[in-house]
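Trainee: From first to last, the protein sequence lines stand for chains A and B. Using our numbering, read the first sequence as starting at 1 and increasing by one per residue. Using our numbering, read the second sequence as starting at 1001 and increasing by one per residue.
Note that these hints are calculated values from the structure, not bench results. There could be a bad hint or two in this list.
Unchecked claim - Below, simulated SDA-like cross-link-like pairs (lysine to any residue); rule was C-alpha separation at most 25 Å, straight line:
{"id": "1", "chain 1": "B", "residue 1": "Lys1072", "chain 2": "A", "residue 2": "Pro83"}
{"id": "2", "chain 1": "B", "residue 1": "Lys1008", "chain 2": "B", "residue 2": "Asp1104"}
{"id": "3", "chain 1": "B", "residue 1": "Lys1008", "chain 2": "A", "residue 2": "Arg20"}
{"id": "4", "chain 1": "A", "residue 1": "Lys47", "chain 2": "B", "residue 2": "Gly1033"}
{"id": "5", "chain 1": "B", "residue 1": "Lys1008", "chain 2": "A", "residue 2": "Val22"}
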Amino acid sequence: MTSVLLTTPLEPLHRRLGARLVPFAGYAMPVQYPAGILAEHTQCRTKAALFDVSHMGQVRVEGPAAAEALERATPADLVSLAPGRQRYALLTTDTGGILDDAMIARLAEDRFFLVLNAARKDVDLARLRALLTPSVTLTPLENRALIALQGPAAEAVLARAGAEEAVALPFLGVAETRVAGFSVLVSRSGYTGEDGFEISVAAEDAIALAEALLADPDVAPAGLGARDSLRLEAGLCLYGNDIDETTSPVEAGLVWTIGKRRRVDWDFPGAERIRRELDEGPARRRVGILPEGRQPARAGTEVLAADGTPIGTLTSGTFGPSVGGPIAMGYVASRFAGDATPVELSLRGRLVPARIHPLPFVPHRYKRSSRTS
Amino acid sequence: MSEMKFTKDHEWIRLDGDVATVGITDHAQTALGDVVFVELPEVGRIVTAGEACAVVESVKAASDIYAPISGKVVEVNHALSDNPGLVNTSPLADGWFFRLEPSDAAELEALLDETAYAAYLETL
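Using the sequences plus the hints, can you model the full thing?
Mentor: As structure tokens, then:
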């Protein structure tokens, strides 16, 4: 049986740029370009990197009381989300697991824009269709690309591309505006820990917009490989690795995504488990783990207490180019989750010492206010 | 210095006198991407042809390195501990992995020569 990979609107550009394309969530996606993952990672931390994230689901939700309708699927507070603002939100299962994590933007009082994980968009859409009230419509936007421009130079690059309105956005601000002359929906957000923008654009404009941005000397393309090392250094979760339907927002340390009002009303899917874990403490917690030495520890690696007792598993692990060594994330029994707790990792039959490390590994450099430089 | 021989697992080996030097090919380092860690065998270890005896890790993944022929490990390239990127920048020279005293140098005859290896790469 063969399965045909989907392609994004930028696929011809990736080929022209010499990308190595690999299957990811059903799409042929660039894992790296000729520069390589280390150079692409450093490009994003020092200048600006352009990522194709068009495999992600883009969905419009609109209608009277759309905020209240969406709150049936998430513990995030969307009613209080101001138009022109975006919020990181979890979709929860009825048993308190995480169905997906998403960026939810409020474009207008009754109009929202969601960005969903590629591998979860079908599950999410079915869930939202089941929960949303009939007056609210859900429209998957099939003919759009999503381009992430990330890094300390991203703002200057957009300024040179004539995107004054985008440049003026604060972190998690969102606007329907123009970049390089193209009509876009842009948010000041990303998945790297750096300042940056995610730009939703019509499929037919995607290559021209990407080329316009890549023409800036401060921009170079980066693939999924660098995206993964950047997000792990930033302590950000990868759905399917670090969070899934079995992990709860409390275990994952994502309680901050639950609105205060929602924790008074407890009116969201999975509230029972989440409330219990908040009261009693979860049995395990997501933590950062810093292995000693240079050998990367990968997802699936067993975590042991100093006395050899199994206490958990790594869910992500790689070499952190900006850290200059291996970094990992995983779940451990709660009493071992304290900062600097010594643990051991079982790597190819050897025990490698490691310790619990606060997240992120590399400080975030988001643009918290449009006034600061 | 004898001719370089190759395996279908993309190791190279070259016999100089009584000692053979082993590394990975340019094709292998390109496919792996940026190498960030190399685990080398212990000096004195006896390996048989095809045995996994080193590990090379790129940012993305770990791969085993196999002994192209049987023998005893007599030296390892400690420079790779501090600078694993040598595998990328100089796969056929400074990025060598380990040296073997072959138990039967005739095993080299069974390996691919440069032309045969190049032809093999064309089939991939």
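Trainee: Does each hint fit the structure? Answer for all of them.
Mentor: Evaluated hints:
no.	hint	verdict
1	B:Lys1072 x A:Pro83	violated, 70 Å
2	B:Lys1008 x B:Asp1104	holds, 20 Å
3	B:Lys1008 x A:Arg20	holds, 22 Å
4	A:Lys47 x B:Gly1033	holds, 22 Å
5	B:Lys1008 x A:Val22	holds, 22 Å
Hint 1 from the list above is the single one not met by this structure.
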